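*Asks:* Using the hints provided, position chain B relative to the given structure of chain A.
As given, the protein sequences belong to chains A and B, one line each in that order. Take 1 as the starting number for the first sequence in the numbering used here and just add one per residue. Take 112 as the starting number for the second sequence in the numbering used here and just add one per residue.
No false leads were mixed into what you were given.
In silico lysine to any residue, SDA-like type, Cα no more than 20 Å apart, as pairs:
#, chain 1, residue 1, chain 2, residue 2
1, A, K37, B, G213
2, A, K37, B, S116
3, A, K37, B, V200
4, A, K98, B, G208
5, A, K98, B, D212
6, A, K98, B, V141
7, A, K98, B, E163
8, A, K98, B, S169
If you're looking for bench data, these hints aren't it; they were derived computationally from the structure. Here the structure is a predicted model, which is why all the values come from computation and not from measurement.
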Amino acid sequence: DQQVKQNSPSLSVQEGRISILNCDYTNSMFDYFLWYKKYPAEGPTFLISISSIKDKNEDGRFTVFLNKSAKHLSLHIVPSQPGDSAVYFCAASGNSYKLIFGSGTRLLVRP
Amino acid sequence: GAGVSQSPRYKVAKRGQDVALRCDPISGHVSLFWYQQALGQGPEFLTYFQNEAQLDKSGLPSDRFFAERPEGSVSTLKIQRTQQEDSAVYLCASSLGDRGDGYTFGSGTRLTVV
Numbered sequence: 001d002q003q004v005k006q007n008s009p010s011l012s013v014q015e016g017r018i019s020i021l022n023c024d025y026t027n028s029m030f031d032y033f034l035w036y037k038k039y040p041a042e043g044p045t046f047l048i049s050i051s052s053i054k055d056k057n058e059d060g061r062f063t064v065f066l067n068k069s070a071k072h073l074s075l076h077i078v079p080s081q082p083g084d085s086a087v088y089f090c091a092a093s094g095n096s097y098k099l100i101f102g103s104g105t106r107l108l109v110r111p
Numbered sequence: 112g113a114g115v116s117q118s119p120r121y122k123v124a125k126r127g128q129d130v131a132l133r134c135d136p137i138s139g140h141v142s143l144f145w146y147q148q149a150l151g152q153g154p155e156f157l158t159y160f161q162n163e164a165q166l167d168k169s170g171l172p173s174d175r176f177f178a179e180r181p182e183g184s185v186s187t188l189k190i191q192r193t194q195q196e197d198s199a200v201y202l203c204a205s206s207l208g209d210r211g212d213g214y215t216f217g218s219g220t221r222l223t224v225v
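Only chain B is shown next, with the shape it has when bound in the complex:
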């Protein structure tokens, strides 16, 4: 596709439920990023992939968060045992390189934990 596609657009999860958020980056984009945007805040870095290698996961808030990109294209962000504080918009971005001016963001997945 022409842009970064994220699914689902909206997800409501009961506290304690596991969720999986999908990101389809632009074809050929080497770099893939996940950001978390809480209500009224700017996006915060979660993790970075270069092809299939996860080079930085320093932003993942806890060991309940896990991300993968097994074939260097589609990526999945998994959150286990969701908590209310996990409620946020999860943004995926891809890029040919790693400079911010080359990022293309998806529209995000809005996760609400009830």
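If we strip away everything but chain A, and leave its shape as in the complex, we get:
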């Protein structure tokens, strides 16, 4: 039973356009959400997070939106750059150190 789902295994966008990566969760006890970025042969690196008391968090080109009623969050990257090409993991936690990860979305930004 997957508590965190990323239903799109891959996404391809043109350089300069917006990338939107989606994530759904089922556990209403989750109160903290994170996005990680992973390049091949490297470990995941933290990108951006959001607490359940907010509905938006922005950091430069990256914005995360949280819709608690829909149990849905999304990561927007604008403008997308070729260096953003990586696998993006959504993760959630519920007042705990334990992270529950989605299965990832592979983003390809075409020059």
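*Replies:* For chain B alone, coordinates are given in the frame of chain A:
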């Protein structure tokens, strides 16, 4: 070092063999985590240490898996009598606290059981 170091990077084991995977966390990081990432999946929690104390081992899939951090720094994940389903990337992460935004992951050890 500047980051979390894991060794070996790659390990091929024959079914039934015991393996030991090492994690050198960032110096001074109190929290240490092990995650297992199967092919095409996201990382799954295995176990959590705070200094030398193993506070949570609820994610270890069977009693063949054992982790230790005897001096509160280096940690070893041991898998006894490896099975094919143990094939995965094993990721170690360390952190000053226990919030996910503070985690630094290592590059992982890719274990292949043949």
